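Visitor: Work out the full structure: start from the sequences and follow the hints.
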Amino acid sequence: MDELMEFLEELHPDVDYETCDTLIDDGILDSFDIISIISEVADMFDVTISAEYIVPENFNSAQALYDLITYLEDEG
Amino acid sequence: MKKKLVSLMLVIMVCMFSLVACGGGDDKGNDGNNDGGGASNTPGDSTSGYTFEYKGTSISVNTAIEPVVEKIGDPTSKFEAPSCAGQGTDFIYTYSGFEIDTSPAENITNAIAAIIIVSDEVETPEGITIGSTKEDVEAAYGTDYTESNGMMTYTKGDMKLNFLLKNNVVDSVQYMSNALN
Amino acid sequence: MQFVSYSFLLFLAVVFVVYYLVPGRFQWMVLLAASYVFYLFAGPKYLIYIMATTLTTWLAARQIDNLKARQDLYLEENKKSLSREEKKLYKTATKKKQRLVMLGALLLNLGILAVVKYTNFAISNINAVINLAGGKPLGFVSLVLPLGISFYTFRALSYLIDVYRKTIPAEKNVFKFALFVSFFPQLIQGPISRFTQLESGLFSPHRLSWKRVSFGLQRILWGYMKKMVIADRIVIGLNTMTGDTATYAGAYVLVEVFFYAIQLYADFSGGLDMAIGAGQIFGVTLPENFERPFFSKSIKEYWNRWHITMGAWFTDYIFYPISVCKPMLNLSKWSRSHLGPVLGRRLSVYLSSFAVWLATGVWHGASWNFVFWGLSNYLVIMISQELEPLYRRFHQKFDVNGNLLYKIFQVARTFLLMGFLRMYDCFDSVLTTWRMVAGVPFGGNWNILWNGSLMQIGLTAADYVILGAGILLMFLVSMSQRSGSVREKIHAKPYAVRFVIWTALFMVVLLTGAYGIGYDASNFIYNQF
Amino acid sequence: MKRRKIFWRRFFRVTVSGIVICSMLFLLERLLVPKYSVGTQDGAMIAEYYDDAPKHNLIIIGDSEMYENISPLVLWQNYGINCYIRGSAQQLIWQSCYLLEDTLRHETPEAVIINITSMQYAEPQKESYNRMTLEGMRWSTSKVKAIFASMTEEESFWEYVFPLLRYHSRWNDLTEDDFRLMFSEEPVSLNGYMMQVGVKPAENVPAGRPLADYAFSDVCYEYLDKITALCKEYGVELILMKSPSVYPYWYDEWDAQIKEYAEKNQIKYLNCVNNEEIGLNFQTDTFDGGLHLNVGGAEIYSNFLGRWLQSETGISDLRGDSELSHEWEQKAADYDAKKSEKYRELTDS
Numbered sequence: 001m002d003e004l005m006e007f008l009e010e011l012h013p014d015v016d017y018e019t020c021d022t023l024i025d026d027g028i029l030d031s032f033d034i035i036s037i038i039s040e041v042a043d044m045f046d047v048t049i050s051a052e053y054i055v056p057e058n059f060n061s062a063q064a065l066y067d068l069i070t071y072l073e074d075e076g
Numbered sequence: 001m002k003k004k005l006v007s008l009m010l011v012i013m014v015c016m017f018s019l020v021a022c023g024g025g026d027d028k029g030n031d032g033n034n035d036g037g038g039a040s041n042t043p044g045d046s047t048s049g050y051t052f053e054y055k056g057t058s059i060s061v062n063t064a065i066e067p068v069v070e071k072i073g074d075p076t077s078k079f080e081a082p083s084c085a086g087q088g089t090d091f092i093y094t095y096s097g098f099e100i101d102t103s104p105a106e107n108i109t110n111a112i113a114a115i116i117i118v119s120d121e122v123e124t125p126e127g128i129t130i131g132s133t134k135e136d137v138e139a140a141y142g143t144d145y146t147e148s149n150g151m152m153t154y155t156k157g158d159m160k161l162n163f164l165l166k167n168n169v170v171d172s173v174q175y176m177s178n179a180l181n
Numbered sequence: 001m002q003f004v005s006y007s008f009l010l011f012l013a014v015v016f017v018v019y020y021l022v023p024g025r026f027q028w029m030v031l032l033a034a035s036y037v038f039y040l041f042a043g044p045k046y047l048i049y050i051m052a053t054t055l056t057t058w059l060a061a062r063q064i065d066n067l068k069a070r071q072d073l074y075l076e077e078n079k080k081s082l083s084r085e086e087k088k089l090y091k092t093a094t095k096k097k098q099r100l101v102m103l104g105a106l107l108l109n110l111g112i113l114a115v116v117k118y119t120n121f122a123i124s125n126i127n128a129v130i131n132l133a134g135g136k137p138l139g140f141v142s143l144v145l146p147l148g149i150s151f152y153t154f155r156a157l158s159y160l161i162d163v164y165r166k167t168i169p170a171e172k173n174v175f176k177f178a179l180f181v182s183f184f185p186q187l188i189q190g191p192i193s194r195f196t197q198l199e200s201g202l203f204s205p206h207r208l209s210w211k212r213v214s215f216g217l218q219r220i221l222w223g224y225m226k227k228m229v230i231a232d233r234i235v236i237g238l239n240t241m242t243g244d245t246a247t248y249a250g251a252y253v254l255v256e257v258f259f260y261a262i263q264l265y266a267d268f269s270g271g272l273d274m275a276i277g278a279g280q281i282f283g284v285t286l287p288e289n290f291e292r293p294f295f296s297k298s299i300k301e302y303w304n305r306w307h308i309t310m311g312a313w314f315t316d317y318i319f320y321p322i323s324v325c326k327p328m329l330n331l332s333k334w335s336r337s338h339l340g341p342v343l344g345r346r347l348s349v350y351l352s353s354f355a356v357w358l359a360t361g362v363w364h365g366a367s368w369n370f371v372f373w374g375l376s377n378y379l380v381i382m383i384s385q386e387l388e389p390l391y392r393r394f395h396q397k398f399d400v401n402g403n404l405l406y407k408i409f410q411v412a413r414t415f416l417l418m419g420f421l422r423m424y425d426c427f428d429s430v431l432t433t434w435r436m437v438a439g440v441p442f443g444g445n446w447n448i449l450w451n452g453s454l455m456q457i458g459l460t461a462a463d464y465v466i467l468g469a470g471i472l473l474m475f476l477v478s479m480s481q482r483s484g485s486v487r488e489k490i491h492a493k494p495y496a497v498r499f500v501i502w503t504a505l506f507m508v509v510l511l512t513g514a515y516g517i518g519y520d521a522s523n524f525i526y527n528q529f
Numbered sequence: 001m002k003r004r005k006i007f008w009r010r011f012f013r014v015t016v017s018g019i020v021i022c023s024m025l026f027l028l029e030r031l032l033v034p035k036y037s038v039g040t041q042d043g044a045m046i047a048e049y050y051d052d053a054p055k056h057n058l059i060i061i062g063d064s065e066m067y068e069n070i071s072p073l074v075l076w077q078n079y080g081i082n083c084y085i086r087g088s089a090q091q092l093i094w095q096s097c098y099l100l101e102d103t104l105r106h107e108t109p110e111a112v113i114i115n116i117t118s119m120q121y122a123e124p125q126k127e128s129y130n131r132m133t134l135e136g137m138r139w140s141t142s143k144v145k146a147i148f149a150s151m152t153e154e155e156s157f158w159e160y161v162f163p164l165l166r167y168h169s170r171w172n173d174l175t176e177d178d179f180r181l182m183f184s185e186e187p188v189s190l191n192g193y194m195m196q197v198g199v200k201p202a203e204n205v206p207a208g209r210p211l212a213d214y215a216f217s218d219v220c221y222e223y224l225d226k227i228t229a230l231c232k233e234y235g236v237e238l239i240l241m242k243s244p245s246v247y248p249y250w251y252d253e254w255d256a257q258i259k260e261y262a263e264k265n266q267i268k269y270l271n272c273v274n275n276e277e278i279g280l281n282f283q284t285d286t287f288d289g290g291l292h293l294n295v296g297g298a299e300i301y302s303n304f305l306g307r308w309l310q311s312e313t314g315i316s317d318l319r320g321d322s323e324l325s326h327e328w329e330q331k332a333a334d335y336d337a338k339k340s341e342k343y344r345e346l347t348d349s
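Sequence lines, in order, name chains A, B, C and D.
Residue numbering for the first sequence follows my numbering, starting at 1 and increasing by one per position.
Residue numbering for the second sequence follows my numbering, starting at 1 and increasing by one per position.
Residue numbering for the third sequence follows my numbering, starting at 1 and increasing by one per position.
Residue numbering for the fourth sequence follows my numbering, starting at 1 and increasing by one per position.
Since the hints were derived computationally from the structure, they do not count as laboratory data.
From a predicted model like this one, the values you see are computed outputs, not experimental measurements.
Don't take each hint at face value.
To be verified - DSSO-like mimics (lysine-lysine), calculated; alpha carbons at most 27 Å apart, straight line:
1) D:126 <-> B:156
2) C:300 <-> C:333
3) D:259 <-> B:166
4) C:95 <-> C:68
5) D:338 <-> D:200
6) C:79 <-> C:68
7) D:145 <-> B:78
8) C:493 <-> D:2
9) C:489 <-> D:5
10) B:78 <-> D:126
11) C:397 <-> C:407
12) C:136 <-> B:156
13) C:68 <-> C:88
14) D:2 <-> C:489
15) B:134 <-> B:55
16) D:126 <-> D:145
17) C:176 <-> C:97
18) C:95 <-> C:80
19) D:232 <-> D:55
20) C:211 <-> C:300
21) D:339 <-> D:200
22) C:172 <-> C:97
23) C:211 <-> D:5
24) C:88 <-> C:326
25) D:35 <-> C:493
26) D:35 <-> D:145
27) D:226 <-> D:264
28) D:232 <-> D:200
29) D:2 <-> C:211
30) D:200 <-> D:55
31) C:68 <-> C:96
32) D:264 <-> D:232
33) C:211 <-> C:489
Guide: The structure is reproduced here in structure tokens:
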């Protein structure tokens, strides 16, 4: 989680990831950011987030993203 | 699971295909387009059909009459036929051997609607005139024509070239605009 | 049947009456019948195409679901006897079958689209090669381009892929699915909706709601105003200019940039207003396709606000799948270690974006103009992406964020940039476009902007007054829209005020609309796509 | 209770709104439709017919070769024929057919003259001509049929039903006349005759260009058959006529076809092209170089026509009808007034 947070902070230093849960809905993260996150996640957790999981609900908050990663880790 | 998405790569492949397969024609294709575009965009120069020639001036249907008269001189006579209810006026310019009919068109007040050869004093640039045989016409214009009621019709661009036959001999040659007749 | 036609209004009225007369559970059937009648108007020979797409995608989706059901049943029955490994193996086998089915339907439908839309484009290019070699050129084939094929194919494919991804279950009723594919308001020019967006609207019963119907009609009227008063008027001047590149060069091209931006927006978004309004009349909420795109501050933002449903489709079904597929992730990993973190991180984005923009270009039309148009967009987006840090530094140094003037500058910059890119649409070849655009500063004819030359392009002073007023109205409505639905705001006013507003708009469309004899009956620009 | 109140309030609103919008549309339409009587008068006569008492014993149907060439006053004064010309510019044969059908709804004349110049046109020529013929017709099945038979590709039936849709952009060229004549137009013709007074001799008239196919189209014959059948049904004597003119060319092949048709159907055919008996002089009697006659020519031609009708059809002389005589006295005065006014205009200009 911390690792992930660090990366996200780096991506958009001005966003408070602890509280924000409208990262997609408010257009803070765009498609390029999402790709960066996914390739980073692939490195960090050895988890591939395939296209079907790229929906707003999974990327709207850092927590949601982390939950998704955990879920995929279990699945794999 | 991730591999399945390779399938979607195929979407791209389809697109790529057109690019790769046709890449060789790129330059040529564009050049061709460009030339064609430049020419056809010159106003009043829609010479895509057959043209008639008189005194070295080419005359084609769907163009304005005034510049033609300027070059080939005034007609021997000019007849004016106003349409009913002020819907524009048709003119018939008679020269020796042929006549030119004009009608009002969208952007041209007096557009050439028809050029009619009536005697063998003049001939088409391809050498056909009154008295030529059907075979002469075929030799000059090819066999890609339609025939009905003794009239041979060659269609080209926005016009028709008609040869009216009487006893297998050309009786009338008519350059006709499709839009204005 | 065009949206701007007497027959469409009559058709809509008939469907409306029948729709609200039949019992709720039959309403969707009325829409299906209406949609097919609507399609028949375009010509019976087109029906086969849309039916083929409907059937194949529906069958494939059902098959995918069946495979899943069979797998679940098998695993349930043999819960105890199977090892974890065996279960996994079975699952992989199922997945493989599902993929085959999905791929088959996908390629088939893309194949149909490619054949009808791109055959002649391919032939013309092959001919260019043949010409070069001195051979005899191939003849063109006259294939009919079925009405709205790009739109309904994309809609059907999004459904197919979503079912495959298990985002949605397959629809059991083929007729219901047929309605989703063919729903007539969105048949001609979108939006490219998703199954989940329309499902409840299309299939649940609707009672006649005064407000919803009047809102729908108001939306249609607003669309007519954009299309008929503005787009169909300005197009007269635009066609005069673009049709004669020899006369109308230099500063004229700048005028064309503005004219075409306005015309395309008014035409396309107006058409979408009509589509969405028509949907609303039947209680079906179609997704929005525009969000005041000309207020965008960057090209990237512009593409999130213009033709939204198409952009979303390409993002979801091309951009993401390519960027997160295994080879791409590996490539990204490799490039990060070999090319450094900056370029490495972006390589995959650049590659997938390239694919998206190539596809977007080709989707818009079968010509090199559109290919170059798409790739130019790509280039501009990538360059501005690269310049991002520079901008950031600039913004930090000069505190311009929030500065109104700076915002206006950004909006104007985006508008002009997009406007010039759009010129690919207006000329007959890529080279002509380059020549015309490059010639803007060298025309030496800036005086045409004020010396009355613009009165000679088929538009009268009265036309300019109407255009000015119409564009101002469009602008004001957009401004007002930023703080919520304009129709809701008007709805809150007393009846007399509402009546005056909507009647006035109706009269404006009726009297100043560029329709009927004397005006070129221009088709919706987006019909051919 | 409350629900009912809401319903009635809504009902009231809708009704009032509907009435307001409809009356606005009506007024706009009256304002925007072109006023033929002050503009293109060739479109005004079709409507004027309905204002004349339906007691005509001769109805003439056709294009400008009828309404500019025949003077009903001469026919009345010299032969006692009470005639009306249902003419319109470039009238097509099916339009003539439906105009006849429309006329027979109002009255049954002794004879009908149909101009057969239009047999050469198998397709509608121009939207504006269609409008001039069709707009003046009163609504009836004949009008609907005429519209559908006449429409060019770009036209729409609804634009005939609601002319506002057709003329919506005329707000830009409204004149005072459009307001003045919103509800009633001024009469421009004398029993369908449009008087012309200029003189332009026929000169350099070109010969007809040879055609590949001289046969009239089947469509035209269909309507001619319909006209023949209508006349038989109502017991009206049908006369096919070609007006005197030197241009457009009336081919011998065309003449022969009409002759054959007339013989086969036992109807009369009067071809006045190059008919010296009439006594026309195309140096003085035409106002447009031989296409149409001026008032002098029309009077000469009408005298010939009256004589011919009397001897060939035995059409009755209605001069004994005092009511009609009285009406015609007034019309004669109008005619003379118009003639002198037109001559004055001519010499002034």
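Visitor: Work down the list of hints and note, for each, if the structure agrees.
Guide: Checked hints:
About 25 Å separates the Cα atoms of residue 126 (chain D) and residue 156 (chain B), which keeps this hinted pair within 27 Å; it holds. Only pairs whose Cα atoms come within 27 Å are accepted, and residue 300 (chain C) paired with residue 333 (chain C) is accepted, the gap being roughly 26 Å. Between residue 259 (chain D) and residue 166 (chain B) the alpha-carbon distance is near 25 Å, which keeps this suggested pair within the 27 Å criterion. Annotation: proposed proximity of residue 95 (chain C) to residue 68 (chain C) holds, straight-line Cα distance about 8 Å (limit 27 Å).
At roughly 20 Å between alpha-carbon atoms, residue 338 (chain D) and residue 200 (chain D) fall within 27 Å of each other, so this suggested pair holds. Note on residue 79 (chain C) and residue 68 (chain C): the hinted pairing holds, with a Cα-Cα distance of about 16 Å set against a maximum of 27 Å. Restraint check for residue 145 (chain D) and residue 78 (chain B): the C-alpha separation of about 41 Å exceeds 27 Å, so the hint is violated. The suggested pairing of residue 493 (chain C) with residue 2 (chain D) holds, with an alpha-carbon distance near 22 Å, which does not exceed 27 Å.
Between residue 489 (chain C) and residue 5 (chain D) the CA atoms are separated by roughly 25 Å; this keeps the pair inside 27 Å, and the hint holds. For the suggested pair residue 78 (chain B) and residue 126 (chain D), the alpha carbons sit about 25 Å apart, so the restraint of at most 27 Å is met. Proximity of residue 397 (chain C) to residue 407 (chain C) is assessed by CA-CA distance (about 16 Å); at most 27 Å being required, the pair is judged to hold. Proposed proximity of residue 136 (chain C) and residue 156 (chain B) is supported: the alpha carbons are some 21 Å apart, at most 27 Å.
A C-alpha spacing of about 14 Å is found between residue 68 (chain C) and residue 88 (chain C), which places the hinted pair at or below 27 Å, so the restraint holds. The hinted pair formed by residue 2 (chain D) and residue 489 (chain C) meets the criterion: a straight-line CA distance of about 26 Å does not exceed 27 Å. Between residue 134 (chain B) and residue 55 (chain B) the alpha-carbon distance is near 26 Å, which keeps this suggested pair within the 27 Å criterion. A C-alpha spacing of about 18 Å is found between residue 126 (chain D) and residue 145 (chain D), which places the hinted pair at or below 27 Å, so the restraint holds.
In summary, the hint linking residue 176 (chain C) to residue 97 (chain C) is supported, as the alpha carbons are separated by about 26 Å, within the 27 Å threshold. Restraint check: the Cα-Cα separation between residue 95 (chain C) and residue 80 (chain C) comes to about 22 Å, which is no more than 27 Å; the hinted pair holds. A C-alpha spacing of about 20 Å is found between residue 232 (chain D) and residue 55 (chain D), which places the hinted pair at or below 27 Å, so the restraint holds. For the hint pairing residue 211 (chain C) with residue 300 (chain C), the CA-to-CA distance comes to about 36 Å; that exceeds 27 Å, so the pair is violated.
Simply put, residue 339 (chain D) and residue 200 (chain D) have alpha-carbon atoms about 18 Å apart, close enough for the 27 Å limit, and the pair holds. Taking the CA atoms of residue 172 (chain C) and residue 97 (chain C), the gap is near 20 Å; set against the 27 Å cutoff, the hint holds. Between residue 211 (chain C) and residue 5 (chain D), the direct Cα distance comes to roughly 18 Å. Compliance with the 27 Å bound is thereby established for this hinted pair. Restraint check: the Cα-Cα separation between residue 88 (chain C) and residue 326 (chain C) comes to about 20 Å, which is no more than 27 Å; the hinted pair holds.
For the proposed pair residue 35 (chain D) and residue 493 (chain C), the alpha carbon gap of about 41 Å is over 27 Å, so the pair is violated. Restraint check for residue 35 (chain D) and residue 145 (chain D): the C-alpha separation of about 24 Å stays at or below 27 Å, so the hint holds. This hinted pair checks out: residue 226 (chain D) and residue 264 (chain D) have alpha carbons roughly 15 Å apart, not beyond 27 Å. A distance of roughly 41 Å separates the Cα atoms of residue 232 (chain D) and residue 200 (chain D); the hinted pair therefore is violated under the 27 Å criterion.
A distance of roughly 19 Å separates the Cα atoms of residue 2 (chain D) and residue 211 (chain C); the hinted pair therefore holds under the 27 Å criterion. For the suggested pair residue 200 (chain D) and residue 55 (chain D), the alpha carbons sit about 36 Å apart, so the restraint of at most 27 Å is broken. Simply put, residue 68 (chain C) and residue 96 (chain C) have alpha-carbon atoms about 11 Å apart, close enough for the 27 Å limit, and the pair holds. For the hint linking residue 264 (chain D) to residue 232 (chain D), the alpha-carbon distance of about 14 Å falls within 27 Å, and the restraint holds.
Under the criterion of a C-alpha separation no larger than 27 Å, the hint pairing residue 211 (chain C) with residue 489 (chain C) is consistent with the structure, at around 13 Å.
Hints 7, 20, 25, 28 and 30 from the earlier list are contradicted by this structure; the remaining hints agree with it.
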